[in-house]
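So the chains spell out like this:
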Amino acid sequence: MRRLISASLALFMTTTAAFAQAVPGGKLNLIVQPEPPSIMIGTTTNGPALLVGGNIYESLLRYDENLKPEPSLAKSWTVSDDGLTYTFTLQDDVKWHDGKPMTSADVLFSANDYLMKMQPRHRNLMTHVESVTAPDDKTVVFKLKEPFEAFIRGLAFYTMPVLPKHIYEGTDYATNPANDKPIGTGPFKFDEWKRGSYIHLVKNPDYYVKGKPYLDELYYQVIPDGASRSVAFETGNIDVVPGGSVENFDIPRLKDLPNTCTTEKGWEYFAPLSWLWLNNRKAPMDNVKFRQAVMYALDREFAKDVLWNGYGKVATGPLSSKLPFYKDVEPKYPHDVEKAKELLKEIGYDGKPLKLLPLPYGETWQRWAEAVKQNLEEVGIPIEIEAADVAGWNQRTSNWEYDIAFTYLYQNGDPAIGVDRNYKTSQIAKGNPFNNVEGYSNPELDKLFDEAAVAYPASKRQELYDQAQKKLQEDVPVAWLLELGFPTIYNCKVQDIVTTASGLPESMRDAWIKK
Amino acid sequence: MLRFISGRLLKAVVILICITVLNFFLIHAAPGDPAAVMAGEAGDADPAFLQQLRERFGLDKPLYMQLWIYVSSVVQLDLGYSYRQQLPVLQLIGERLPATLLLSLSAFVISLGLGVAAGAFASARQGKWADTIISLVALIFYATPLFWLALMGVLLFSVQLGWLPGFGYETVGANYTGLARAIDIFMHLILPAMTLGLFFMAVYARMTRASMLEVGRLDFVKTAKAKGLRPGVIQRRHVLRNALLPVVTLAGLQAGQLVGGAVLIETVFAWPGIGRLMFDALSQRDYNLLLGVFVVSAAMVLLFNLITDVLYRLVDPRIKVTS
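Residue numbers (my numbering), protein chains in the order written: chain S, 46 to 560; chain L, 43 to 365.
Don't read these hints as lab results, they were simulated from the structure. Hints may be right or wrong, so weigh each one.
Claimed, not checked - Under the rule of at most 30 Å between Cα atoms (straight-line distance), these lysine-lysine pairs were calculated in the BS3-like manner:
{"#": "1", "chain 1": "S", "residue 1": "LYS384", "chain 2": "S", "residue 2": "LYS516"}
{"#": "2", "chain 1": "S", "residue 1": "LYS72", "chain 2": "S", "residue 2": "LYS120"}
{"#": "3", "chain 1": "S", "residue 1": "LYS475", "chain 2": "S", "residue 2": "LYS400"}
{"#": "4", "chain 1": "L", "residue 1": "LYS103", "chain 2": "S", "residue 2": "LYS162"}
{"#": "5", "chain 1": "S", "residue 1": "LYS310", "chain 2": "S", "residue 2": "LYS515"}
{"#": "6", "chain 1": "L", "residue 1": "LYS103", "chain 2": "S", "residue 2": "LYS475"}
Next up, chain S with everything else stripped away, as it sits in the complex (with noise of 0.2 Å):
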């Protein structure tokens, strides 16, 4: 009778936790930092376009943490056995906001059109696809010139948007009246933009996922003062802080507050890694052993607790451990001044002073550049910390104008897509500051990185990056420092805050307020 009782209630419970999830109804307030030039994600990809951007937006396919794909627009999809061919089928039922069906037409629109024509990094996964067809409005066939099995995870929403073909094609792009009023697929969608204020979403009511969202409004607010920001988390006036959005230092504070919860989840994607760019052409940053002393140098696991809060973790090499492929290889560098004295010794370097040239995005960054400039002066590199600001920043290290530069990027799901372009000698061109910004060149890494884009099946794959990893880890052509954690604060009623690897932009569709 006992055990009865105790599975009847075991049911019960069950059962209400089921129904507790889903509650629909009621607004969020959350922080868009810094207010966004355009909501438009076809054409605006920067941080804060994509978190408004995404719920408006959709892809073919989301990712889970573990970057698997999931059904977004296509709800399902088959690969064929030589990797050559991906044929999705659409989802049924999906409407754009302004009611018009949405179909295959679309997805062939902006994959061979709109985004060849407004998205480099489209552009470049698209280096890999022979053809774009759709048989029927339903089904559309991506047909691969050769197997590059990192395809499937570059059809995030903010790499290949699904846009509406009915108001775009034979318009310009970039100055379409409709860019400011955006017409998407996704669970929101765009009602009022109060420029320096907030962007109001409101509930798709005829989303193609049967109950979602649950949330009927969403406001972005614009609140351009760090402290002011975290002043309206404290004072209930906003109920999620995005990771990024308030200054480091006022985090253990907020997350201290009651009713808070944080969380580091929603990054796998982007899989944020810093380094400092150090200038292979000039020397002492030409002398791998100088670079190693440097790697040595750093106190990078300080970093992560004082600087970041002991988010994050000390990058182990040019591959986030987010990242598909991702090995934990030899050589490391942990902190050791002696270590890195004895090699600079070894090359007889001359103490010529460096100069250092910090991330502008905030006082964490400026911290940091203090920090390691204290490091590498305790080994016997003079330093001289340099300001621009991010227009600056940008022309300097996209000419190669430094000696060393903070940078940090987004690895985007694979490392074909957002790590060897950092390293290979073809991505060495002036005028980026997403590529090989380094100078470093090595035919047998370039080698290794052309066959293991295209080796099928993974399992290929994976051999060839761990051999990549050792090698790159070997030369040190950047100084690799943290994966970096960027918590997002919330109220606690808000649940299932982060369902998907690109966090926010995606998860608002799932999100609901408990009671």
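Starting from the known structure of chain S, arrange chain L on it as the hints suggest.
Using the frame of chain S, we list chain L on its own:
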């Protein structure tokens, strides 16, 4: 008078064009361009993308061509498109104008009204405790950094006491209308307007006090006293009016900046004004938008300089005779 005004207007147009040209070169001298910033934000870019952006913005043309295109459209009162926001500059400035004017006019009225009154009051009681207190308070507000004062205001009145909203122009999502909306905006206005106003109030108070003391020592005041006029009448009718000239100059300068916005206050209080629009445009190298804000605020400064000059003639009849 009409000839004076039309002459000054003509000069103002020439000055405005010179300012525009100068600003144009200054902005282009800063490192980086909007294409690089936008490509930078995209998290991914290739030379083709950068070239595409530069062509779209006309940045691939020689600088003198860009200048010619810009100045000729400004002359036709067209401030062009914001590169980044893909909207007409005039529309963007227009959207921010009400909030900017509301904040700066409130601060202007608070500072001028209270400042002149406090200065006059203090000068009439020179050396007494009221004068000491007013002078001390004015000195404190004059010396305190605005952003600090702003943050302390938020901490005290929003976080601790919960009396006033700490940021924004109105309560987001409340959808108030009519009187309720006006009250809501007013509540949001109090902290930023007071903070901005206190600094200028201190300036006016100090200047009015000093100027009135100086004028008070002049012979005509002695004559007025000798005639047996009451001290209050002497202060108001004779001393204050004569002491106002420097105050009018200062008010003219402040009024000229009404449209330019107040970057610090707007930033701390998330006030959607022109100051922030300009600051963002600067950091993003949004040339057209930045130049547009400069043109509009330069025009306002010129306009208010003109108004100041006209006021001078009304306040001080001697100027009319000499010019």
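Do the hints match the structure? See the list:
1. Of the pairs offered as hints, the one joining S/LYS384 and S/LYS516 holds, with about 20 Å between alpha carbons and a cut-off of 30 Å not exceeded.
2. Taken as a hint, the S/LYS72 and S/LYS120 pair is honoured in the structure, with Cα atoms around 28 Å apart against an allowance of 30 Å.
3. Note on S/LYS475 and S/LYS400: the hinted pairing holds, with a Cα-Cα distance of about 20 Å set against a maximum of 30 Å.
4. Straight-line distance between C-alpha atoms of L/LYS103 and S/LYS162 comes to about 21 Å, which keeps the hinted pair within the 30 Å bound.
5. Restraint check: the Cα-Cα separation between S/LYS310 and S/LYS515 comes to about 28 Å, which is no more than 30 Å; the hinted pair holds.
6. Between L/LYS103 and S/LYS475 the alpha-carbon distance is near 20 Å, which keeps this suggested pair within the 30 Å criterion.
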